[in-house]
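One-letter residues, chain by chain:
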Amino acid sequence: MTEMWSHEYWAHKGDVKLYMFRKRLGAPVADEMPKPILFLVHGSSFSGPTGFDLHVQGKTDYSLMEKFAEYGYDVWTLDHEGYGRSDSTDGNSPIAEGVRDLKAGMDVVMRDTGQTSLAFYGSSSGALRASAFAEHYPDHVNKLVLDAFVWTGKDAPTLIERAKKMDIWTASNMRVIDKPFLLSIFTRDKPGTSEDGVAEALANAELAICNAVPTGTYVDMCVNLPVCNPTKIRCPVLIIRGEHDGVATEEDLLNYFNLLPNRNKQFVIIAGQAHVSHLGVNRARFWHVMRRFLEMPARIDSSSL
Amino acid sequence: MWWLKRNGYDLILASGQTRKYSFMLKPTIVRDTKTMSDQITHMPVDPGDVTGEEHWARRDDIDLFLFRRYSPKARAASPDKPVLFLVHGSSFSARTAYDLDIPGKGDYSLMKTFAGLGYDVWTMDHEGYGKSSRTDGFSTIADGVEDLKAAAPVVEAATGRSAFTFFGSSSGALRAGAFANACPERVERMVLAALVWTGEGSPTLKKRAERIDEWRATNRRVVDESAYRGIFTRDVEGLTVAELPAAAAAAEIANGGGSVPNGTYIDMCINLPVVDPLKINCPVMIFRGDHDGIATDEDVLRFFTALPNKDKQLVMVTGQAHNTTIGINRQRFWHALNGFLSIPPRIDN
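Residue numbers (numbering that gives the first Met the number 0), protein chains in the order written: chain A, 0 to 304; chain B, 0 to 348.
Rather than coming from a laboratory, the hints here were simulated on the basis of the structure.
These numbers were taken from a predicted model, which means no experiment stands behind them.
Mixed in with the good hints, there may be bad ones.
Residues of chain B placed beyond 12 angstroms of chain A at every Cβ, according to the derived structure [claimed, not checked]:
1) Lys72
2) Asp100
3) Gly288
4) Arg331
Which residues of chain B face chain A? A partial, calculated answer using Cβ under 8 angstroms [as the list claims (entries may be wrong)]:
5) Ala181
6) Pro183
7) Val221
8) Val235
9) Gly237
10) Asp296
11) Thr304
12) Gln312
13) Met315
14) Asn328
15) His334
16) Arg345
17) Ile346
18) Asp347
19) Asn348
Think of the CB as a built atom: it goes at the ideal place given N, C-alpha and C, for glycine as much as any other residue.
If we strip away everything but chain A, and leave its shape as in the complex, we get (with noise of 0.2 angstroms):
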């Protein structure tokens, strides 16, 4: 059985050092049959391997680095500016801040593997980030995946809720993060939608590498919001949601899903599931709907028969 591989990068974007962390079956050798790429990207709150290559003691599968790389692809991730391992600016890291890090994290995909266009995958702010890059560099994205997505905000319970500390928001580009915070993450929509012991190895592993994240992403989906175009984005999209998850209201994603130009596009609802998808109790079926979208087969055109 091959190994699971594991590897570190750093892009640069100008000065600022960006960490990167990729997982795949096997490592790379020379004239491979190229694997598709998946990239992840982070939200407010938690840096990449953090939340995506998740080991929680006496428990199984909270990785979703290790588990699209079983399924075959080329797993990749990257700590946004003021996140995790990467270098701090006395910036605040908003989203388009975050589209600028997505293009350094890019050209070392390319670097490295030559692959051009892969699919992306954004948690909550992380999918506006994604999205915003789908705009930016439609070139560069075949598939999208928005998970706890949210356009306008509109009557959003989460964000009515995070607007009333605007104030603590804008005093910083930076925000304390502790272990109340990290767990309250996993219980403010739905409590039990998570397995007990997770959000608990999540702040763990988080507060291991830093206390403070920027603020950047909060100010932008309190104030700024819509911060995405759906009618500039070209590749099949598909945007999943958990029943109980507060960032958005079900109008606010159908009335984005309705613009979206590439009529390759779902909508996935997932009962059962909250804010963060990936480390719920029913993760298998957020898995098995992102892994359907993504292999898709190929659009037969009658010119080809």
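With chain A's structure known, arrange chain B on it following the hints.
Frame of chain A; chain B shown alone:
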């Protein structure tokens, strides 16, 4: 097989009345040893032992033809896979739509494909279609619901399951949806393809309604190669093979048809909506081709929005017109259908 010994039973209606149902299993067992290619990603290879069985249901004095395909090997390998009941639309009988064979052109039978995947696949000719009884009636959507009510106990007797996964295309989606409204306990999951809800803004229905007097003047219309060519090219050309209209017309004759009732056309022109999404309790996937004039995106989106069950998917796929099951990109449809039907079960913590 214990159900062979039975020749009917009584169904007690909510009103207290007893309705008699009878059925018989004809001894026709069709063995099909053709090996299908493994064209769907991550799908098991067809074991090549897909069988065909004819069954009959009875609604009042109407005999209804049912057809079943399954693979004993694939069923043994995945015994939990559901009974998949396919509901046909306005212009094809069941096996023309879902069990078509076009030699040399690849796999066209949705029944064989999904039987090979381990599903227990059923379909039925509605009143006035295919091998089912011809009547003076129009075989409306409401009649289709009654047909499905009569079929359900037959399927239950043969399979031991009391609730099934339903797939319906076009007016078949309306029959299936209306049946889910009427008998939610029989519908565990549902896939609606080529769906229209209110019909508002629908190019196909606008054109169809121009001939409403014709549809109402008589209860039947002829379906032949020319009619099928019109259906396959009305949205866009090039998304079906050139051989399809002739193959469908020949199959329709072989399957006992050649003409079809007008009731669903009339319903779609002047009686929509006939399905209430708020009263569909089960998980639902809506599948929509990019060139389907039967409905607007907005109409379908509003139906989707109203569905109360939070397991729901709206899948839009390019390279598809109205007839998703027999288009050149039908594998994309199979992939989406199998994906929805094979989602891991929900865990409650």
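The hints, checked one at a time:
1. Lys72: Its Cβ never comes within 12 angstroms of chain A, the nearest being 24 angstroms, so this holds.
2. Asp100: 17 angstroms, holds
3. Gly288: 9 angstroms, violated
4. Arg331: Its Cβ does come within 12 angstroms of chain A, the nearest being 5 angstroms, so this is violated.
5. Ala181: Since chain A brings no Cβ nearer than about 24 angstroms to Ala181 (chain B), farther than 8 angstroms, the hint is violated.
6. Pro183: 17 angstroms, violated
7. Val221: 28 angstroms, violated
8. Val235: 10 angstroms, violated
9. Gly237: Result: holds, 4 angstroms to nearest chain A Cβ.
10. Asp296: With a minimum Cβ separation of about 6 angstroms from chain A (threshold 8 angstroms), the hint on Asp296 (chain B) holds.
11. Thr304: 6 angstroms, holds
12. Gln312: Check passed: Cβ of Gln312 (chain B) comes within 5 angstroms of chain A, closer than 8 angstroms.
13. Met315: Status holds, d = 5 angstroms.
14. Asn328: Holds. Min distance 6 angstroms.
15. His334: 6 angstroms, holds
16. Arg345: OK, holds: Arg345 (chain B) within 8 angstroms of chain A, min 5 angstroms.
17. Ile346: It holds, given that the least Cβ distance between Ile346 (chain B) and chain A is near 5 angstroms, below 8 angstroms.
18. Asp347: Hint on Asp347 (chain B): holds, closest Cβ of chain A at ~6 angstroms, below 8 angstroms.
19. Asn348: 4 angstroms, holds
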